[in-house]
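Residues per chain, in single letters:
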Amino acid sequence: MIFHLAGHPAYAYTGGRAPTAGLPTAVFIHGAQHDHSVWAMQTRYFAHHGFNVLAVDLPGHARSTQAALSEIGAMGDWLIALLDAAGVERAMLIGHSMGSLIALDTAARYPKRVSALALVATAYPMQVSDVLLDAALNREADAIDMINTWSHSTIAAKPSFPGPGFWMHGSNQRLMERIAQINPKQVLHTDFAACNAYSRGLEAAAQICCPTLFVLGRRDQMTPLRAAISLSTAIAANGVVVETALIDAGHAIMAEQPDETLDVLFTFAKEQAAKASGIAG
Amino acid sequence: MPVNRFDTLALHAGAAPDPATGARATPIYQTTSFVFRDTDHAAALFNMERAGHVYSRISNPTVAAFEERMAALEGGVGAIATASGQAALHLAIATLLGAGSHIVASAALYGGSHNLLHYTLRRFGIDTTFVAPRDLAAWRAAIRPNTRLLFGETLGNPGLDVLDIAQVAEIAHAHRVPLLVDSTFTTPWLMQPFELGADLVYHSATKFLGGHGTTIGGVVIDGGRFDFEASGRFPELTEPYDGFHGMVFSEESTVAPFLLRARREGLRDFGACLHPQAAWQLLQGIETLPLRMARHIDNTRRIVEFLVAHGAVESVAYPELPSHPDYALAQRLLPKGCGAVFSFNLKGDRSAGRQFIENLSLFSHLANVGDARSLVIHPASTTHFRMNAAALAQAGIAEGTIRLSIGLEDPDDLIDDLKRGLKAAQKTAQKTAPSAHKTPPSAPDVNPSAKPEVTP
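As you go down the protein sequences, you meet chains A and B in turn.
For the first sequence, the numbering used here begins at 1 and goes up steadily by one.
For the second sequence, the numbering used here begins at 1 and goes up steadily by one.
Quick caveat, the hints were computed from the structure, so don't treat them as lab data.
This one's a predicted model, so the numbers in the text were calculated from it and none came from an experiment.
Glycine residues also receive a C-beta, built at the ideal position from the N, C-alpha and C atoms.
Hints are supplied without guarantee of correctness; some may be wrong.
[What the hints assert, rightly or not] Far from chain A by the CB rule (all over 10 Å, computed), these chain B residues:
| id | residue |
| --- | --- |
| 1 | A16 |
| 2 | V255 |
| 3 | S381 |
[Said to hold, decoys possible] Below, simulated EDC-like cross-link-like pairs (lysine to aspartate or glutamate); rule was C-alpha separation at most 20 Å, straight line:
| id | chain 1 | residue 1 | chain 2 | residue 2 |
| --- | --- | --- | --- | --- |
| 4 | A | K270 | B | D40 |
| 5 | A | K112 | A | E260 |
| 6 | A | K270 | B | D38 |
| 7 | A | K185 | B | D412 |
| 8 | B | K423 | B | D412 |
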């Protein structure tokens with residue numbers, strides 16, 4: 001589904017089903033140099049099981065063709081504008097990696113718009129090494145190779161992603177290359193620099209007032225488990241529900257363990273939607 | 001885990017110890033179908049909301065290991081295994097093209113592929129123009145508004161024409177259509193066509209991938225670089241498909257809409273799937289592909305060197321020879337070798353060829369290539385026996401042309417065997433001399449109108 005924000009196309013995949021009035025909305029936010037398709041094995045199920053789905057292509061990524069945004073906060077503002085355009089008052093935000101920072105920051109600054117939060121493969125600070133930043137700027141193919149290597153914990157994940165017969169490493173590499181091909185203006189470096197520069201993590205965490213789920217990969221080399229502790233602790237200090245699901249996967253959690261990732265996200269979303277419905281009723 | 005190198009991927013990609021039993025080798029999942037956890041799980045699998053196996057015509061764990069390994073070795077995004085190489089070619093074409101569309105293909109094709117394009121697909125409204133593979137202007141000139149695919153072989157039949165993949169891909173992409181290549185003769189060990197610009201690759205896995213002459217199978221691999229949305233010429237992939245819940249395949253997968261449709265439509269409706277037992281045998285072959293291909297190439301080089309120097313041999317068509325028209329291109333594209341299948345011309349007529357074959361003992365006389373054992377065939381007395389000398393010449397085949405597929409035996413034994421055959425051929429040639437027959441030095445440009453018969 002294409003929206004138009006400030007004259008620019010803004011794309012959100014709806015899970016193969018048009019949104020229906022009255023259903024809760026789940027917004028899926030991808031990470032650096034990715035697009036909505038990384039959520040393929042979660043979004044379609046949500047859309048056919050009681051949720052409206054908006055799996056966005058962030059600005060500068062794939063079908064949302066405006067320039068990539070250079071700050072996490074600006075990406076959150078764009079997301080709220082998209083919710084406005086879609087007529088969505090409140091939504092659950094589910095973000096992966098850079099997308100988790102966007103979800104966190106948006107939930108902190110727009111608490112009335114966010115019903116629940118799921119931070120998948122998150123970290124704070126989300127520091128990107130100088131080597132990787134430099135490669136993203138000057139040797140993008142090398143940077144993609146590095147990310148592809150560090151994002152996966154196996155060369156034989158089953159049932160593979162997005163289904164049997166797919167080679168995950170190849171798919172991820174081509175997706176990152178495709179994003180660069182569609183928008184050659186240094187999207188990867190822009191994304192990484194935004195992650196690296198984001199300094200409001202703990203401040204944002206202290207403002208979170210909605211239930212929050214952490215979905216973390218036990219073998220994640222990009223955002224290792226320990227790097228999520230500060231956010232988890234800060235959010236829990238607010239007295240809100242904080243749940244954590246540890247999954248036997250690397251950084252590419254949704255691809256390496258599509259079913260388990262779906263199950264923990266959907267169970268959490270369903271519980272929160274039921275509670276919200278009960279409160280509303 | 002880092003993305004490993006070729007030899008490691010050949011053993012490990014797509015297969016881990018079996019989670020149910022701990023079996024280290026990939027088990028043969030000899031089952032037609034897979035039990036659903038509950039009704040919701042069943043519906044989710046059918047609607048592609050979850051990944052998994054439903055029915056072995058669509059996917060199977062053993063077959064998936066083969067597919068994922070091939071995709072890894074080729075550097076693609078995924079693969080679909082098929083009942084044969086011909087089924088892989090058909091699946092690729094039937095997924096992308098329909099009645100009223102057009103293919104530009106190299107004329108230097110395996111006879112079965114030529115038949116499919118020249119005769120069978122025309123019956124279904126898909127037209128093909130054949131061009132000499134080296135004639136880039138001909139590729140360009142043959143493209144029509146309804147062209148949807150360019151197609152060639154990495155090493156063409158019968159003269160081992162080397163396809164200039166980068167140049168042909170550039171022509172394809174300038175017209176917003178993909179390039180499909182048959183990489184059977186080269187395997188990913190000798191060449192990775194995606195790195196040169198090809199968009200889809202297929203193999204007759206029956207040949208070097210399986211490697212032991214036991215198993216018929218095929219596989220088509222998607223490189224994931226061709227942007228079907230940007231092309232605007234493939235509504236099959238970019239618009240809602242009524243045959244699968246209105247799915248827009250390019251929305252579901254940014255880089256692999258072709259594979260989604262090929263599996264969800266092609267395997268579902270045409271049904272030319274690979275058997276899990278066959279997939280297992282092919283996996284066994286792939287595990288030693290790097291070792292075998294190195295030996296195939298070493299042996300082939302020894303045999304080529306021997307034949308070039310032999311007095312009974314008029315010419316040898318192998319792209320590593322400076323006399324081959326594609327020598328320079330082969331040096332660039334195929335530095336590890338030009339495969340283990342090649343042709344040479346005997347001095348003399350058909351009878352010399354027959355005598356040569358009759359006096360071989362190690363080489364098996366049969367219609368296949370890519371076996372661990374060495375193979376031989378004499379086209380003029382077998383696959384092309386109905387052709388006269390002029391027609392054979394048009395097809396790039398002389399009366400004395402012999403095709404060899406070099407196996408893994410001790411090369412000295414192979415040379416000894418060839419010596420016996422050549423001696424017999426030489427005697428026959430002397431009896432029939434002087435021959436009016438004069439063959440080209442090597443691999444002539446293929447006449448696009450020539451119609452090879454079917455032989456692997």
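Unsatisfied constraints (hint numbers, rising): 1, 2, 5 and 7
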